[in-house]
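Asks: In case you want the letters, here they are:
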Amino acid sequence: MPLEQDVLWYKRAIIYQVHVRAFCDSNGDGIGDFPGLNQKLDYLVDLGINTIWLMPFFPSPLRDDGYDIADYNSVHSSYGTLNDFREFMDSAHKRQIRVIIEMVLNHTSDQHPWFQQSRSSQENPRRDWYVWSDTDTRYHEAGINFVDTEMSNWAWDPVSKSYYWHRFFSHQPDLNYDNAAVREEVWNVMKFWLELGVDGFRLDAVPYLVEREGTNCENLPETHAVLKELRRKLDEQFPGKMLLAEANQWPAALRPYFADGNEFHMAFHFPLMPRMFMGVKLEDRKPITEILQQTPEIPPSCQWCLFLRNHDELTLEMLTKIERDYMNDSYAQDKAMRLNLGIRRRLAPLLDNDRRRIELMNGMLMSLPGTPNIYYGDEIGMGDNINLGDRNGVRTPMQWSGGWNGGFSTADPEKLYSPLIQDPVYGSPAVNVLSQKKTQHSLLNWMERLIAVRKTTAAFGSGSIEFLYPANHRILAYVRRLGEETILVVNNLSSAAQAVELDLRRYKGNILIEMFGKNIFPRVGELPYLLTLGPYYFYWFRLRKI
Amino acid sequence: MREMIISELTQAMQQFTRGFAHILPRIIVLVIVGFVGWVVAYFLRIVLRSVLRLIKFDKLSESAGASQLLSKAALPSATELLSRFVFWVAWLGFILLGISVLGVFGLQEQIAKFFLFLPRLFVALLTMFVGLLCAGFFSRAALLASVNANLPSPRLLSVSIRTIIIIFVLSLVFEEVGVGEQTMLVAFGIAFGAVMLGLAIAFGIGGKDLAQQFLETRFGRGGTADEGKEDELSPL
Amino acid sequence: MAEESSLTDDFLGQLISVGEVDLLVGVPTHNNSKTIGPIVETIQAGLLTFFPRERAAIINADGGSRDGTPGLVVSAAIGDVQRSSKMYALRTLHSISTQYASGPARGTALRTILAAAELLRAKACAVVSPESTQITTDSLAALLRPVYADTFDLVLPTYRRHRFDGVLLTNLLYPMTRALYGLRIREPYALEFAFSGRLGSQFLAQNAWQEEPARTGSEIQFTLAAIAGGYRICQTFLGTREHVERHSADLVPAMRQTVGALFSSLEPNFTLWNTKNGSEPIPTAGVEQEFTLEPLRINRKRLREMFSTGVAELESVFRAILAPSTLAELQQIAGLDEARFRYSAELWVKTVYEFAAAYHKSVISRDHIIQALAPLFRGRAFTFLMENRNGSAGNVENNVENLCLEFERMKPYLLEIWNGRE
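Chains as they are written, first to last, in the working numbering: chain F, 5 to 550; chain H, 2 to 237; chain X, 7 to 428.
Please keep in mind that the hints were generated in silico from the structure rather than gathered at the bench. There could be a bad hint or two in this list.
Only pairs whose alpha carbons sit at most 20 Å apart, straight line, appear in this in silico SDA-like list of lysine to any residue [what the hints assert, rightly or not]:
1. F:K290 <-> X:V80
2. F:K285 <-> X:E60
3. H:K60 <-> X:W424
Calculated from the model, a selection of chain F residues having no Cβ within reach of chain X, i.e. all distances over 12 Å [unchecked claim]:
4. D239
5. P291
6. T293
7. I515
Cβ atoms here follow ideal geometry from the backbone N, Cα and C, with glycine treated the same way.
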């Protein structure tokens, strides 16, 4: 069955972020692959997923988990072949699941043939494909992203005896987007995958494409011009596809990435994410409401992408110092958990494996304005291992069962690309898909239910949001509206039961219908509407006037 | 003749003896009632004295100024006086009760009147006592307020208030006991005009902060014009 | 548990919304629209600067202002200040206001604040006077920190004052509190202070709220309750206390609130103070006291005149209160001219102690006893002014110290005349 044609499909998407390598190994080599992923598509269908975001699966020396790409037009041999990829795409589309893939535009691996050629000599035709300099003093106002490992954004290349520019690891030289040939080739790469059927791209590290002296080399107008050009070509040649921006910026700086609806379709709302964690810890809605108040309006065709966790550290870059210190003290008291102005932990360990808090956070993820993105394994409450270095602790194999290798692979455990989580609380015998499928009230089943209820209304994905500000600051309450549909969401951010009186006079006469149990709550009248909530509890109400 | 005299005498003796025999029990009853009354009155006196001592009635009476009056009149303390008064009233009451048993015509009516008068006497005394208390309190309050407000002639003010209140109280007392009612009423009517002054001052006491400030401004202006530039003490 | 019946439903509802807090700052007001805005902003700034992570609330207990004071409290916002000084509010900071039932009374205002503190389970609380225009963010922190760190239960202020400010404090309240209760508390009657939730709950539970001094003199009662309960007390220097212009009519109400409260505390705390000898200093952050020496014109002649008038006119009252020898001495000095007039420390102490004993015995109405002390205090104030008009700050402090020692030395006299000791 062909995919439903809906230009704004991404507004009702439920995105599942997964690394091929980590999901399922079909050939027993200890590394997940496309055939394995293919086998697990029904699991995702049951969960309610309709969009998969694949992390980089390209040939790569894997010094940055695949974000150092050595060949854009192929599949890493460990994950399968292009054919495997095609089969996976077909299977996904048959199940009405769209697939977006990673596209790392900003830089390549230093092993990429382009860089090898560029560095070989000053006269090489690809010399200008990267940003070279005789000194390391240019663009000195640009910040360093990987502060824990990199001392400078310039690296000395002994081969070409000059410096090259890199905003990430030194083995990831930045492409030079001032070069038209680079821009052309990048589009060709994208076109290659679009022709294979991908439904969109998550463009990695987009703020850094272009550099200019005297600036911080982020979010420059020239960068936006490049992106607009790519979008134009996409719309012309492949309508209905989607571009998702990874731009870790303040909301005001993110706004330009939507332009007038002619740049990105979606962008991650980075500043909101840590504030959700902060709000729950402070038991105060202030951080959440404030950042959303500061979030500018975006074009009607555009969408925010919301997430709780992903493959990177929980970035605290978009916080003030006082907020960052608070987050570190609250969530990463062990300094080994901290990396690059962030915290490298999974969702469940961050929330002390507290089921109520996990549910609350997912409830907010699904009800705040935007498209939710679920990081693989968080739907069953997987744990992490900070001792694995870098951010590998949150990229461990998916836990399918309590058996051999957690059901991930038939290989010897020593051959796995990464050790499984072993501890008694989060290890695969305790946390796995199979046992949670069999347990009625497991987190997995609850997540399925949550997603199913979310899908019963388009208001969450496409509706407006109006915050209510009850006197009790521990309650985060808002109304989502789309056309005739009105949804009231009430979240208790506190570890204690709370009472709240909501001013719902505007909705006088409406009956509240709780969306999970479909039970009726009292009608809204003139008086403030009293609700009581258990610790970390939340309500979704459909307002109905009969 | 002799026999007639003897017969008459004998008759008279017999009549006297019959009469005496008739009244003797009543006299005995009178004596018994009188004796019992003495015991009860004595008991009441002891109890009342203890109660009054417990509630420190002497102190109250001192505050009212009654103790001073009593000591000037070489009378015992208020507690003692009241206890004795109650003793005598109680005993007298019993005696009168005994006398009423004798059945002397006309006496019973007077005795009843006496008993009806007692509550009014008690109320009058109470009114007097409370009135003295109030007079002392308010006169002292006025004295202190006017001294602290630096008003001229504070003592005159205090005495005036005390006098007015006492006159008022006395008129109530006399009216209560029914002595010279008309006279007192007329006299009070004349003095009532002065009560308005008392009320005005009482209002000033009640709103003493406001009144003091106002009066100070009024009266202080003439005397302290040259000190207008100086600060007042800041106690805290 | 606190008596909640005096809290209005609306106030209770607001408290429910606030929930548990770590810090609570109470501001009792009555027609303070001229000063309250900046004070509340300073409090907000202080909390955000020094306690950014703590849950905090500002509670305004208002006595029925007609000038919009409560509205100013609730609407005070430090947006501009915040942005310019990079203060950041991690949490919602609540500012709520309530009007208590009776007319303006500091005791009732304090009770409302204590009730709120107990219901909100505040660990550390501060009370700030609406007239404290000298308060800064640092001084608020200096008050709250020792309590929040659980080092002390009561933090009282000390100030840099004009030498002739607070004469009642330096000549009666401080020396008498020190002599009787054994602690050198410079400001036993403080308009801004901080206390622990523990101490607040204990004071709230005491049943002294219906009596007049409690309604009006609760600050000093609070200090005495802390002493009586063995709570940890310290002082902290809060800087300069501005001279406030007063009216002569302010003296008697001030004495009711302070001296009345002090005298009425003696009876229930008899077992505490009758055995204390001498006094000890209490931990103090910063200087204990500083005097400034700017010229200040005070109507000295009036003071002496009112003293003399008082002695003459109130003789009948004094007879009930003072010993005959004391009264005679007062009458003798009342007749002296200004140059020779001197109300010595010893005579003053005797006077005060005899008044305290008379108050205890209720020889006349207690309120009248306090009023009767006012003219005598004026005489003592006159002597204090004359003795210190030309001296250095050190001299002033020495004179105060000598007076304190005189109070301590004559304490046995008070015990002797106390009569009817418990």
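Asks: All hints, please: hold or fail.
Replies: Going through the hints against the structure:
no., hint, verdict
1, F:K290 <-> X:V80, "holds, 18 Å"
2, F:K285 <-> X:E60, "holds, 12 Å"
3, H:K60 <-> X:W424, "holds, 17 Å"
4, D239, "holds, 41 Å"
5, P291, "violated, 7 Å"
6, T293, "violated, 9 Å"
7, I515, "holds, 25 Å"
When held up to the earlier numbered hints, the structure conflicts with 5 and 6 and fits the remainder.
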